[in-house]
Every structure is written in C-alpha cells, then in structure tokens.
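Taken in sequence, the protein lines are chains S and L. In case it helps, the numbering used here puts the first sequence at residues 1 to 426. In case it helps, the numbering used here puts the second sequence at residues 1 to 426.
Note that these hints are calculated values from the structure, not bench results. Treat the hints with caution; some may be incorrect.
Derived DSBU-like pairs (lysine-lysine); straight-line CA-CA distance at most 35 Å [stated by the list, open to error]:
#1 Lys416/L / Lys196/L
#2 Lys120/S / Lys196/L
#3 Lys386/S / Lys300/L
#4 Lys386/L / Lys300/S
#5 Lys6/L / Lys207/S
#6 Lys102/L / Lys386/S
#7 Lys97/S / Lys196/L
#8 Lys36/S / Lys211/S
#9 Lys98/S / Lys196/L
#10 Lys196/S / Lys102/L
#11 Lys211/L / Lys196/L
#12 Lys196/S / Lys120/L
#13 Lys120/S / Lys6/L
#14 Lys6/L / Lys6/S
#15 Lys386/L / Lys102/S
#16 Lys196/L / Lys102/S
#17 Lys6/S / Lys102/S
#18 Lys98/L / Lys196/S
#19 Lys211/L / Lys120/S
#20 Lys386/L / Lys275/S
#21 Lys36/L / Lys207/L
#22 Lys98/S / Lys36/S
#23 Lys386/S / Lys275/L
#24 Lys196/S / Lys97/L
#25 Lys120/L / Lys98/L
#26 Lys6/S / Lys120/L
#27 Lys416/L / Lys386/L
#28 Lys120/S / Lys207/L
#29 Lys211/S / Lys416/L
Number of protein chains: 2
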Amino acid sequence: MTRPRKAELLAIGDELLNGLRANSHLTWLGGLLADKNLPLHWGTEIRDEASEMVPAFHQALDRADLVVVTGGLGPTSDDFTVDCMAEALGREVTYSKKVEEKIEAFFRARGREPTQNNYKQCHILSGADIIPNPNGTAPGQWIEENGHVIVLLPGPPMEMQPMVQNDLLPRLEERGWVSDKEGPVRFRTIGLGESKVAELLHPLFEKTADKVRVAYCAHLGYVDVRLHPVEGGLTEAQIRQLGERCREALGESFLGYGTPDLSCLILRQLRSLGKSLAVAESCTGGLLASRFTDVAGASKVFTGGLVCYRNEVKENILGVPGSLIEQHGAVSAECAVAMATAAAEMMEADYALAITGYAGPEGGRDTPAGTVYLGYHSPAGVWSRKAVLPGNRTAVKERAVTAALDFLRRKIEKYKMVDLLESLRC
Amino acid sequence: MTRPRKAELLAIGDELLNGLRANSHLTWLGGLLADKNLPLHWGTEIRDEASEMVPAFHQALDRADLVVVTGGLGPTSDDFTVDCMAEALGREVTYSKKVEEKIEAFFRARGREPTQNNYKQCHILSGADIIPNPNGTAPGQWIEENGHVIVLLPGPPMEMQPMVQNDLLPRLEERGWVSDKEGPVRFRTIGLGESKVAELLHPLFEKTADKVRVAYCAHLGYVDVRLHPVEGGLTEAQIRQLGERCREALGESFLGYGTPDLSCLILRQLRSLGKSLAVAESCTGGLLASRFTDVAGASKVFTGGLVCYRNEVKENILGVPGSLIEQHGAVSAECAVAMATAAAEMMEADYALAITGYAGPEGGRDTPAGTVYLGYHSPAGVWSRKAVLPGNRTAVKERAVTAALDFLRRKIEKYKMVDLLESLRC
Chain S
1 MTRPRKAELL AIGDELLNGL RANSHLTWLG GLLADKNLPL HWGTEIRDEA
51 SEMVPAFHQA LDRADLVVVT GGLGPTSDDF TVDCMAEALG REVTYSKKVE
101 EKIEAFFRAR GREPTQNNYK QCHILSGADI IPNPNGTAPG QWIEENGHVI
151 VLLPGPPMEM QPMVQNDLLP RLEERGWVSD KEGPVRFRTI GLGESKVAEL
201 LHPLFEKTAD KVRVAYCAHL GYVDVRLHPV EGGLTEAQIR QLGERCREAL
251 GESFLGYGTP DLSCLILRQL RSLGKSLAVA ESCTGGLLAS RFTDVAGASK
301 VFTGGLVCYR NEVKENILGV PGSLIEQHGA VSAECAVAMA TAAAEMMEAD
351 YALAITGYAG PEGGRDTPAG TVYLGYHSPA GVWSRKAVLP GNRTAVKERA
401 VTAALDFLRR KIEKYKMVDL LESLRC
Chain L
1 MTRPRKAELL AIGDELLNGL RANSHLTWLG GLLADKNLPL HWGTEIRDEA
51 SEMVPAFHQA LDRADLVVVT GGLGPTSDDF TVDCMAEALG REVTYSKKVE
101 EKIEAFFRAR GREPTQNNYK QCHILSGADI IPNPNGTAPG QWIEENGHVI
151 VLLPGPPMEM QPMVQNDLLP RLEERGWVSD KEGPVRFRTI GLGESKVAEL
201 LHPLFEKTAD KVRVAYCAHL GYVDVRLHPV EGGLTEAQIR QLGERCREAL
251 GESFLGYGTP DLSCLILRQL RSLGKSLAVA ESCTGGLLAS RFTDVAGASK
301 VFTGGLVCYR NEVKENILGV PGSLIEQHGA VSAECAVAMA TAAAEMMEAD
351 YALAITGYAG PEGGRDTPAG TVYLGYHSPA GVWSRKAVLP GNRTAVKERA
401 VTAALDFLRR KIEKYKMVDL LESLRC
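Excised from the complex, chain S in its bound form (with noise of 0.2 Å):
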C-alpha cells in the first residue's frame, strides 16, 4: 500500500457562505472519496473574491496532493477560479479554439447563440488537460504540478458530479490514488441511539483500539458507522470481519452494509414476495407515502395513501368508526391499526401501514407533542407500536416515518412466512 494521499475540496462561492445553499459538493465528494480510500482532509469555502482566493489556494496546495476546486468558472465578472489559480501556480492563461468550438456546438444543438461572455469559458491554465463537461459551457481542468493534482470543476451539481464520475475518478484510479479495496467498511443501524450503539460495539473495539477508526454519525431515526483503515493497523480482511461482528452484536437493529434505504429494502423484500402495500397517515401528512414513491418503480407495490389529517376523513373516507376514535381518542394504538386495516381495504393492498400522532408543537390533553402510534396490517394479523420522539414538528415527522418503515421492515421480516401461509389459504 503506497503512502494514503490527502485530498482537500475548495468551494467557491458567495452562496455558500451568506445560507443560500449548502456545500453539497462537500457531502458528496467526501462520501465518494472516503469509500474509495482518498478521504478529504479540509474543505474550505470562499467567496467570489480574488484577494481571499489566491491565498486560499496557497495554503491548499501546501496541504493537499489533490486540490479539488468546484465553482468560479462560470461566464460573468465574479468568476475568478482560472486567474486565480494561474497565479497561485505561476502559470500563464491560454486561450483554447479547442474549447470554443464545444462552447459553440453545445449553444448551436440548443438552437441558440453563445454570448460574448461565454467566451470566457475558453481561459484554460496553460498545461490544463481539459475535463469535458456534457451538460455545461464551462470545461473542466486537470493540472500537475510537482506531484499534486489541481482539479478546476463547474459549480452545478448537474454538470461537476458526472465529470467527477467519468474522468476524474478513472484519471485519480490510474495513478493509484483512489482503490475500491482499502476503503472502509460503513453500515447503517436503526432503532438505537448513538450512544446504545456505541455501548453494543464497546467490547468488539477494546481489542483493536488504535488498530482501527470508528466513526459515528447519528441521523434522525439511525446511525451510520464506519470502520477506517489506519496505517500499520487491521488489514482489509479484519476489518471486514469486524464488520461481520457488529452485524452479529447488532442482531436486527444492523440494517445493512453502505447506506441502505429503508423504504427501498421494503419495498424491494414485498416486490420479491409479491405484494402490495398502502398507507394511511395522520400527523407525517404525506411523508410517509413520499419517501415510498421516491423509489423508481414503487407502483409495482405501492398502490396509494391517504392523508387523513381531519377526523372527519379518518371517518368518512377510511370508515374508522366514530365510536373508535370517541372512545380511544385519534391518536391512539386502537385508531393506528383500525387506519392501516382500513387502507388496506380501501386501496386493495396486501400490506399497509398507518401512522397517528401529534407532530408538535402541541400535542393531546395528556399527551406529549412527538407522541405518535404505528398501526400495522398484514396476512398475518395487526399490530400496533407507541413511540414518543424528540425535536421540531419536521423532525418529529421525520423520526416518525423511520419509525414506522423500521416497524414495518422487522414485522414482514419475522411473519413473512405465516404471510405466505396466510395468503395460500385464501
């Protein structure tokens, strides 16, 4: 293994700093790098300035063998990353007929005429190798210099993440930079606090402190672990079976290796089993059902969802009896499973799932805000779970949908075979 090289993310942009918009580049490349052994070790963002540029750009290539820089490239004044960069490196600027010519023939297939700003886009650092950019007028660059890369990228993420994909990563493979094999070995828990985690795996990790990095990072509803490679510690294979060991301490709460979406897993496992699935849902007001239809494909095994944020529609459209909800109050487990018995008739599914709660900031006379109820039907018969979670009326709609789908998952998961029963009588 040749020495771990450092990679670092310049972010250029007034946008970025003034709560515009975030630095998804930041989240992005760095989970592409960390998994292929080349982790960024600084991000920085800038403004659209020349004077904090230059410096900035000093200091990275001090740092870094890879110096990636996204934005800046665009064709209006504030673009400065080019003449910045030439005179960080001491390089002149050209002018590339080679890049006119794109910027022309991607303006002519759209039927319109490039600006005279466009042409700025043909600056190009003298030595560059230019990154094409298929959905975009501004090139890419890739530049050496004594042994570091420089990387010029476009700001949009539309244009920056398949060069990154289809040049950058190749080229970083090619010398060795990046590997597929050393990475480290990442996998999602659900239903655990941070902490719960951190004291399952505790006794796994005593041995090997210092032979391995454990990193955590809690999300609303799971945890995402991962087990870094340090140098003279665990080969690759140990890691892996250490892996395996957290997979085993975890039992059911370990969703899967990487970062496995859960209403994908389900609606993956009830696909495989031939089912459908419907929702009914209270206080997540829709969420629930559109984490579902954001996987492609969903209509093969979502047939739909109702939002039945008044009583009046749990009643009149779903049939949840009156005398129910009187007696059990909206948000109870006896309204949670009636609403998911409900949809599945309704909407002529196998499976469904509903959710009743109160998102906040009020909650019931005697009940906290963030108390919510899962209601479960299946084949096999109904179920109900109570949760009461923390946070923000958008937090709690959010912890509440990965509770349902996590209560889901682990009850198709234990009765899928009485399911199968269940349905061949029928």
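On the provided structure of chain S, position chain L as indicated by the hints.
Here is chain L on its own, set in the frame of chain S:
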C-alpha cells in the same frame, strides 16, 4: 458606520468531511450573520486531528475579527478544540469548578451520574467567558484577544443554535458588530429561471453597478435575490427603494421579502378567507400534502390528501371516471382537473389541488419524464396547467410541488373575489 467586521466559521468533525453529515452550521450561521451585516468571509471544515486544528486556528485568527469554532468540545478522546485553541493562542487551560457544578446539576436533573469523561468538559481557556449551554454538558466559550473575538460552541445544532441566539448575538450587538439595520435586502422569486430573473432586473442595476452587490441563488423552482450594501455605495434606504423597484418589475413572480415559505403563505391566505383545502397527487406521491402539513396549525385549513398512485385508486376511491382515463390518459389536463374536483368533494374542501405526471426515470409513450399536469378546483371554477420539468426523480417531485403551489397561489390571488361571491351565492 464602523469598519465592517469579518467573521469566519471553523467546523470540526470527521463526519463533515467523509460524507456522513452536511455542515448545517455553515448555512444556518451564514444566513443569520449575513442578515445582521456581519457576513461569513470564509468557512473551513477540519477533521478531529490536533495537528490540523492548530494551523487552521492560526490562519483564521490572521484573517478574521470573529472566529467561530463548532464541535470538538465533547467528552471523548477525539475532542481537541479547547487544547488546540489554547496552543494557538498561547493560553493555559484551567479547570472550572463552576462548569463542574453545572454538569453535575445537568445529570442530577436527569437522574443520572456524570461519567469520568464528562469532567473533561470542565476545561476552559484561561480568561474565557462561559456561554451557558442549557441543552447539553459542553459549555461555550467567549475569548477576546487583541481585538479579535474567538467563540467555541458545541457541535449539535440543538445545543449550538440557542447559544448563538441567546448569548452570542446579544454580545456582538453590544460591541456594535452586528446590526439589523444595515443588512442586505433579500427577496424570493418564483416561476422564473435564474437567467430570466437576472434579465428582468438587469436594467434596474445598470446605474448602480459597484454601488450594490447583487447575488442570485437558484433553488428547485424558485430564485433568491440579495442586494448587499458595499462600502461607499447605496444607503440602506436606497437599497430598500431598489428592492421595491425589483418587486414592481417582477410582478406576480415576486413572492415576498426574506425567504417566505409558499405553503405557509397559501395556508395563511386560505385561513383569512375562511376556506379549506384538499389535495390529490399521483407522481409527487405525498410530497405536496407533506409540504402543507409541515406548517404548524395546518389542520385549520388542510383537510387531507389522497396519494392515488395507481389508476385503480384514482377510479375506485377518488371516482375519476375510467372512461376519462381511457380517453385522455392518467397523465392529462382532464385527469388533473377531475382529480382536483373529486378530492374537493371527497374531503369536503372548498379548494383542491391535484398533480399527475411522470416523475421519471420513465415517461409515457409519447410523453417525456418530467411532464406533469396540475389541476385546480375552486368555488370560481376549475383550471389546469402543464409543465415539463428537468432533473431526476426527486428533483421533478420537488419542482412539481413548487409549480403546483405557485399555480394555486396565483389562482387564489386572481379569483379570490369571484370565489367569495360564489360562496355567498350557495
């Protein structure tokens, strides 16, 4: 007006660089400080490595008046912020009995005991003011050094954000470093692309070039614009006037000053009219309903929604005639309007909004992915609109929801008097 100060954010944590977590502090604090006329000039993400933190702190102190550091204040072995800042500033670390008492009280209130690790959080830079943390054990710290201010804050947003609001901002106000008065004017536009907004506004800015800084930021379906003051440029009153002229030039596409939430605006307007709303959605699969139910108090206006993902659900539950779907297709203006009318009837609402379309990756036989039809039902009548939206599946869902909300907003605005008269006639 005193010299404008420069602020800088350093966010500590491996998870920010390896794709596990977005740097939400950057967006949140960046937006907040930009509004208070103390814009972030630089952002940095650093790993939990002492050898990288010390030089990063040195560089930030060279550049900025205010240096905010988030994260690395936890009780575990990879939390180095206090020690590294002590080294960068050449200060001692002292043990604070006052913090010890607070930590013990924090655990006592929760019926628990602090672990040995927690006492690490009693370490304070000598001369630092403590910023109380009501939601956690790590105190914040405020340090003054040669006219610079350094602020250390814990990483979890739920702890960090109230500390900024309750303690940091008042302290900065007292020093005259932040002000509500001299901040930028910002407004949100909807339904136009970034280049179209720029084209419409360009004539207004020609005379004031160099006297005001204009920033555009496009999101899925809307564009935010900021007019920033520059030194020696337009006065605050002149910038506000310019904002008013932009508002006139944009007409209906001007959504409002600040960053108004469209679903919130609509619910407020319907509430003031005493009207209710229901939705029916196909390709957006619940996202439209979820957007309304994100708003606290939505239940006063929003009655419910149906996610009719399959045609059977459109027919059997909503009651869209099968013959209509056969003749025009489920993705058609006719179907969108029929869905809206059926949703209004079924869920007993005055207004209804419906979306049907192809979210992708697949489209219809002669219809590209991204094609959506919006249907609108109101006391004054029914309308439909077609849109062809770019992007992948989740982008199309997001854009379709924004387009539908904007369609609804414009129609309500235009016909609210007719709607009112129609309602009175019944």
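Verify the proposed pairing of Lys120/S with Lys6/L, using a straight-line Cα cut of 35 Å. At roughly 31 Å apart (the allowed maximum being 35 Å), Lys6/L and Lys120/S satisfy the hint.
Between Lys386/S and Lys300/L, is the straight-line Cα distance small enough, at 35 Å or below? Holds: Lys386/S and Lys300/L sit about 26 Å apart, inside 35 Å.
Quickly compare the C-alpha distance for Lys211/L and Lys120/S to 35 Å and report which way the hint goes. holds (24 Å)
Next pair to validate is Lys6/L with Lys207/S; report whether the Cα-Cα distance is within 35 Å. violated (47 Å)
Does the alpha-carbon distance linking Lys211/L and Lys196/L stay inside the 35 Å limit? Holds: Lys211/L and Lys196/L sit about 22 Å apart, inside 35 Å.
35 Å limit on alpha-carbon distance, applied to hinted pair Lys211/S and Lys416/L: violated (68 Å)
Need the status of pair Lys416/L, Lys386/L: alpha-carbon distance at most 35 Å? Measuring from Cα to Cα gives roughly 22 Å; hence the hint holds.
Check whether the Cα positions of Lys98/S and Lys196/L lie no farther apart than 35 Å. holds (29 Å)
Do the alpha carbons of Lys120/L and Lys98/L lie within 35 Å of each other, as the hint requires? Given pair Lys120/L, Lys98/L holds - Cα atoms ~13 Å apart, limit 35 Å.
Assess, step by step, whether the Cα of Lys36/L is no farther than 35 Å from the Cα of Lys207/L, and give holds or violated. holds (26 Å)
Distance restraint between Lys98/S and Lys36/S, which requires alpha-carbon spacing of 35 Å or less: holds (32 Å)
Is the straight-line distance between the alpha-carbon of Lys36/S and that of Lys211/S 35 Å or less? holds (19 Å)
Consistency with the previously given hints fails for numbers 5 and 29, ordered from lowest to highest.
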